[in-house]
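Asks: The chain contents come next:
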Amino acid sequence: MAVASLPHQHAEHAEGGVDRFYEETRDLRLTGFLFFLFSDVVLFSAFIFAYLYLRNSGQSWPPPGIARLDVAFAAWNSVVLFGSGATMHYALENWKHGNFNKYAGLLIATIVLGIAFLGGQAYEYTHLYFVDKISWAGSGIFGASFFTLTGMHGFHVAVGIVYLTVLLLQSIHGVYTKDKYFGITAGTLYWHFVDIIWVVLFSIFYLI
Amino acid sequence: MAVAATHVGGGIADHVHPEPQGFIRRYVFSIDHKIIGIQYLITGFIFLVLAGLLAEVIRTQLMNANGGFVSNNTYNEVYSIHGSAMVWLVVIPLMTGAFGNFVMPLQLGARDVAFPWLNMISFWMFPVAGLMLFSSFLMGAPVAGWTEYPPMSLQGEAGTSMWCAAIFLVGISSTLTGMNFMVTILKMRAPGMTLTRMPLFVWAQLATAPLSMVATTALAGALAALFMERQFGVPFFDPTKGGSPLLWQHMFWFYSHPAVYIMILPAFGMISEILPTFARKPIFGYKMIAFSSVTIALAGFMVWAHHMFTSGLAPFMQLPFMLLTFVIAVPTGIKIFSWITTLWGGKIHFTSAMLFAIGFVVLFALGGITGIFLASVPTDLHLHGTYFVVAHFHYVLVGGSLMGIFAGFYYWFPKMSGRMMNETLGKWHFWLFVAGFNGTFLPMHWLGFEGMPRRVAVYDPQFQFWNRVESVSSYVMTFAILLFFVNILVSLRRGKKAGPNPWKARTLEWQIPSPPHYYNFKHVPTVYGLPYDFSEPLPYRGLDDELTDAPAPVPAGAH
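Protein chains in written order, with the numbering used here: chain A, 1 to 208; chain B, 1 to 559.
Excised from the complex, chain A in its bound form:
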């Protein structure tokens, strides 16, 4: 709150405009959140480096005895994830324009698409495990790098689904206003971040 010389206004002013305290703390939180995403990129980069390093230290890729990954299935699954990026983008836009119902519908669509992506990944994992007999610990550096990196990404998607669900409940309960919606911005940034990581992972595991 304010010092004695300044009016106690920022709590009561939630209805119209943004008070200076909110504006400044939002700026801090946004910067901090971007730094957090950046260091998460570094964490993925460490494993991506490890994967490329190991892949290039051997003679052939995929290693002998490892079947090629199902690119077509993974491509369709990627479309599901990228689609959720689009719905999330429009969810935020609709929030900014005050269209609560469209916002809620698009957010629910994002969550459903995210779950569908995880379902696809689960199907792919079971197929690899039971049909192709490829496992995390038992298939050399292929299993190690593939399951670790896609698993890390899947974990991030799962965290994102929980996050977006919390956002949905919060916005139903009126936590955010037309001007104060940092949580939704952060959720959108996080979801796009998860998408971009997938672009890289899809390229290095399925395309090259």
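Quick caveat, the hints were computed from the structure, so don't treat them as lab data. Positions of the beta carbon are idealized from the N, C-alpha and C atoms, including for glycine. Treat the hints with caution; some may be incorrect.
Unchecked claim - Pulled from the structure, derived: some chain A residues nowhere near chain B, Cβ distances all over 12 Å:
| no. | residue |
| --- | --- |
| 1 | Phe38 |
| 2 | Thr87 |
| 3 | Gly154 |
| 4 | Thr185 |
| 5 | Leu207 |
Claimed, not checked - Below, a list of computed lysine to any residue pairs in the SDA-like style, where the Cα atoms sit at most 20 Å apart:
| no. | chain 1 | residue 1 | chain 2 | residue 2 |
| --- | --- | --- | --- | --- |
| 6 | B | Lys187 | A | Glu23 |
| 7 | B | Lys241 | A | Asp132 |
| 8 | B | Lys241 | A | Thr25 |
| 9 | B | Lys187 | A | Thr25 |
| 10 | B | Lys187 | A | Arg26 |
| 11 | B | Lys427 | B | Ile481 |
| 12 | B | Lys241 | A | Arg55 |
| 13 | B | Lys241 | B | Gln155 |
What the hints assert, rightly or not - Beyond 10 Å from chain B on every Cβ pair, some chain A residues (computed):
| no. | residue |
| --- | --- |
| 14 | Val42 |
| 15 | Gly83 |
| 16 | Ala109 |
| 17 | His127 |
| 18 | Gly138 |
| 19 | His156 |
| 20 | Leu168 |
| 21 | Gln170 |
Position chain B relative to chain A; hints supplied.
Replies: Structure of chain B alone, referenced to chain A:
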């Protein structure tokens, strides 16, 4: 609506919370950056004592050429935990967590760091990680040194996995602190404090924070991979399963080379505050010192493979890494020369803080020079894995970082406690420490040249004389540190009152009472210039009420 309603009410600078009254909220789970800084300081000193005792176990074992004080395996455990604890539980938390937390927001004219709660969480990860690290002794501590190279670390006992978890946790703490400091420095400076008006200690923290953020996260990846390989058999590093031990070295040193700058850049900042204050002269080359910190931080990411010249690195990779490493000597040299020029013609006051600062410059320069021998491929092929390396990194880490911590402690202790340190004890501490330090680590240079290998519990009898000199000197060094702790305890009770500005220093933290109030500043000041022009009036406005009985800011009630 929106335009008119924007900028209503006070911003962060006007936002004051009431000081919590209960002991737990005030001193244990505090969110005040000053209390958290002191918590880091106390915890770091406790780990300094524990890791220092491990060092004495090492030196006692090496009194005799055939050892005999502890078993060979225990010896391996002891030096592994000694190194890990000194790096991750002593130097890094003291440099960033302790001094960064206490001093940096005060020097910026901020009321706290950007995320006080996150700051508290970062702190509490640190003692937990420390306990985890030391508990690894109970389950068979790691034996492959602080670098834990596979395949040896894959064969270590259960404690090696505990080591991974502990370092991972303290790494997360360091990453979060780095983010917090970045946002604080970039976004929470007092009005008028442009980047090029910031004190050099803040510049040093600004150069360090991205290193904590980026490099430490990369280490987290390496540690997670090692942990998964040890616990679940996921092959990353085991060559029999297609993995590569060299991969660990790349990932580890991609972190650990920047980490040596996390351990030294804040000390550079402290020295740049202490030297002008006690030479009563403006710092020489303010911008060059500030920018050279940033240059060192950036270049630090491009030199990691100079630790791997003997690991089978492709020869065409060796030359660029060697040259880039030499390049780092340029910004470091700029700093050394700027400090010498700051002292030149100054009216030098030889307080304990100043003695440690000057000792830092000399000993760090020596450590830097031996670094050139190790960065150069032909000499490194001979010196790698010998005591020469041990001598080098103890000169930069003890003669550099630890001396910096002592200098900073003598300098800011009056601000933290409101009392002066005992100068006589301080000078005994300094001279005994420097004598013991050189007696311990100087002979290691020629022992290394003659081929004495590091990390071995017994050695060739021809090296016994100098090893005995080292061991006896190390006891002198330990005694000096004991005097330091006695000095702290005596000064806390009997030290004379410091007043707000005992050193007549000019940065913002010295313009407010010692210790500062909970809210730091009654009114956030406006800054008009650099803090180093000793002949000019202070470049601040709005500090008139700080040392008077003027009313404090009114806290918001139950916010």
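Asks: Does each hint hold? Answer for all of them.
Replies: Status of each hint after checking the structure:
Distance check on A/Phe38: its Cβ comes as close as 7 Å (rounded) to a Cβ of chain B, failing to clear the 12 Å threshold; non-interface status is violated. The beta carbon of A/Thr87 is kept farther than 12 Å from every beta carbon of chain B, the shortest such distance being approximately 27 Å. With a minimum CB-CB distance of about 15 Å to chain B, A/Gly154 clears the 12 Å threshold, and the non-interface call stands. Taking the minimum C-beta to C-beta distance to chain B, about 16 Å, the non-interface status of A/Thr185 holds against the 12 Å cut.
No Cβ of chain B comes within 12 Å of the Cβ of A/Leu207; the nearest lies about 22 Å off, and the non-interface call holds. This hinted pair checks out: B/Lys187 and A/Glu23 have alpha carbons roughly 12 Å apart, not beyond 20 Å. The hinted pair formed by B/Lys241 and A/Asp132 meets the criterion: a straight-line CA distance of about 19 Å does not exceed 20 Å. Straight-line distance between C-alpha atoms of B/Lys241 and A/Thr25 comes to about 50 Å, which puts the hinted pair past the 20 Å bound.
About 10 Å separates the Cα atoms of B/Lys187 and A/Thr25, which keeps this hinted pair within 20 Å; it holds. Simply put, B/Lys187 and A/Arg26 have alpha-carbon atoms about 11 Å apart, close enough for the 20 Å limit, and the pair holds. Of the pairs offered as hints, the one joining B/Lys427 and B/Ile481 holds, with about 12 Å between alpha carbons and a cut-off of 20 Å not exceeded. For the hint pairing B/Lys241 with A/Arg55, the CA-to-CA distance comes to about 13 Å; that is within 20 Å, so the pair holds.
Under the criterion of a C-alpha separation no larger than 20 Å, the hint pairing B/Lys241 with B/Gln155 is consistent with the structure, at around 14 Å. The Cβ of A/Val42 does not lie farther than 10 Å from every Cβ of chain B; its closest approach is about 4 Å, which violates its non-interface assignment. The non-interface label for A/Gly83 is consistent with chain B: the shortest C-beta to C-beta separation is roughly 30 Å, beyond 10 Å. With a closest Cβ-Cβ approach of about 29 Å to chain B, A/Ala109 is found to remain outside the 10 Å limit, as its non-interface label requires.
The Cβ of A/His127 lies farther than 10 Å from every Cβ of chain B, with a closest approach of about 20 Å, so its non-interface assignment holds. Once the 10 Å rule is applied to beta carbons, A/Gly138 is inconsistent with being away from chain B; the minimum gap is 8 Å. Its beta-carbon lying about 14 Å from the closest one in chain B, A/His156 satisfies the requirement of being farther than 10 Å from that chain. Under the 10 Å C-beta cut-off, the non-interface status given to A/Leu168 relative to chain B holds; the minimum distance is some 25 Å.
Listed as outside the interface, A/Gln170 is consistent with that label: its C-beta sits roughly 19 Å from the nearest C-beta of chain B, beyond the 10 Å cut-off.
Of the hints listed earlier, those the structure fails to meet are numbers 1, 8, 14 and 18, in rising order.
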